[in-house]
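Protein sequences appear in the order of chains A and B.
In this text, residue positions in the first sequence follow this note's numbering: the first is 1, and each later residue adds one.
In this text, residue positions in the second sequence follow this note's numbering: the first is 110, and each later residue adds one.
Hints listed in this document are in silico derivations from the structure and should not be mistaken for laboratory results.
The C-beta atom is built at its ideal place from N, Cα and C for all residues, glycine as well.
Mixed in with the good hints there might be a few duds.
What the hints assert, rightly or not - With a straight-line Cα cutoff of 30 angstroms, these simulated DSBU-like cross-link-like pairs (lysine-lysine) come out:
id, chain 1, residue 1, chain 2, residue 2
1, B, K192, A, K45
2, B, K151, A, K2
3, B, K187, A, K101
4, A, K101, B, K151
5, A, K42, B, K192
6, B, K151, B, K166
7, B, K192, B, K151
8, B, K166, A, K101
9, A, K45, B, K166
10, A, K79, A, K45
11, A, K79, B, K192
12, A, K2, A, K45
13, B, K166, A, K42
14, B, K151, A, K45
15, A, K101, B, K192
16, A, K101, A, K79
17, B, K166, A, K79
18, A, K2, A, K101
19, B, K192, A, K2
20, A, K101, A, K42
21, A, K79, B, K151
22, A, K79, B, K187
23, A, K45, B, K187
Stated by the list, open to error - On the chain A side, residues computed to face chain B include the following (Cβ under 8 angstroms):
id, residue
24, E43
25, P44
26, L46
27, M48
28, K101
29, G102
30, R104
Said to hold, decoys possible - Sample of chain B residues with no beta-carbon within 10 angstroms of chain A, all distances over it, derived:
id, residue
31, P111
32, P117
33, T122
34, G125
35, V128
36, R131
37, V133
38, E165
39, S175
40, S190
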Amino acid sequence: RKEVEQDPGPFNVPEGATVAFNCTYSNSASQSFFWYRQDCRKEPKLLMSVYSSGNEDGRFTAQLNRASQYISLLIRDSKLSDSATYLCVLNSGNTPLVFGKGTRLSVIA
Amino acid sequence: EPEVTQTPSHQVTQMGQEVILRCVPISNHLYFYWYRQILGQKVEFLVSFYNNEISEKSEIFDDQFSVERPDGSNFTLKIRSTKLEDSAMYFCASEGTENTEAFFGQGTRLTVV
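Chain A on its own, in the form it takes in the complex (with noise of 0.2 angstroms):
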């Protein structure tokens, strides 16, 4: 099992759609969990940290489910901004960051 899985997709949405991405990870040890976004050949950039209770920041919702290790992202009412690779990123402890291949979504007027 891949140590970080994602949907590679393209997710081809509508605007005002939402869409959710589920990521799934191997090892039972990571501790943080991430979302970043990565523009078309940008860096990434911090969406937001994910917590075992949920976190909401508006149009974005993050879960975090341990004990089937996967951690998922909802985007409400899409905008053509949202366009974009989305990274889930996971560390256990005192290591470095360790990304998934992202999955893409694009959102069409």
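Mind docking chain B on chain A? Use the hints.
The following block gives chain B in isolation, referenced to the frame of chain A:
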């Protein structure tokens, strides 16, 4: 807003040549990283640096690679003898404290011909 800056933005080099990629991390940050991303592939960890020494490195970071923080501000990645497969986007990142948000620079696109 403080940011990580990298230079150059794009470097083309001949196979076998040495390249130095430069990064200026955020000034009060303590942890520094180099990652690379081959086109179409995932972001891969190369090396982490703390307290003026390498704290961890990946299998990719072989003897051809080295890092330095020569003057307390710049953080450099040197590739001694570049290979075609070194062509990638190289990202520098820094963290204020461990396991907090990592800020990435805009990257250096290295093309080895």
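Each hint, compared with the structure:
no. : hint            : result
1   : B:K192 - A:K45  : 29 angstroms, holds
2   : B:K151 - A:K2   : 12 angstroms, holds
3   : B:K187 - A:K101 : 26 angstroms, holds
4   : A:K101 - B:K151 : 4 angstroms, holds
5   : A:K42 - B:K192  : 23 angstroms, holds
6   : B:K151 - B:K166 : 17 angstroms, holds
7   : B:K192 - B:K151 : 19 angstroms, holds
8   : B:K166 - A:K101 : 20 angstroms, holds
9   : A:K45 - B:K166  : 22 angstroms, holds
10  : A:K79 - A:K45   : 18 angstroms, holds
11  : A:K79 - B:K192  : 41 angstroms, violated
12  : A:K2 - A:K45    : 23 angstroms, holds
13  : B:K166 - A:K42  : 24 angstroms, holds
14  : B:K151 - A:K45  : 14 angstroms, holds
15  : A:K101 - B:K192 : 24 angstroms, holds
16  : A:K101 - A:K79  : 23 angstroms, holds
17  : B:K166 - A:K79  : 39 angstroms, violated
18  : A:K2 - A:K101   : 11 angstroms, holds
19  : B:K192 - A:K2   : 27 angstroms, holds
20  : A:K101 - A:K42  : 15 angstroms, holds
21  : A:K79 - B:K151  : 25 angstroms, holds
22  : A:K79 - B:K187  : 41 angstroms, violated
23  : A:K45 - B:K187  : 25 angstroms, holds
24  : E43             : 4 angstroms, holds
25  : P44             : 5 angstroms, holds
26  : L46             : 5 angstroms, holds
27  : M48             : 10 angstroms, violated
28  : K101            : 4 angstroms, holds
29  : G102            : 7 angstroms, holds
30  : R104            : 11 angstroms, violated
31  : P111            : 14 angstroms, holds
32  : P117            : 15 angstroms, holds
33  : T122            : 19 angstroms, holds
34  : G125            : 26 angstroms, holds
35  : V128            : 19 angstroms, holds
36  : R131            : 15 angstroms, holds
37  : V133            : 14 angstroms, holds
38  : E165            : 6 angstroms, violated
39  : S175            : 18 angstroms, holds
40  : S190            : 25 angstroms, holds
Against the hints set out earlier in the document, violations occur for numbers 11, 17, 22, 27, 30 and 38.
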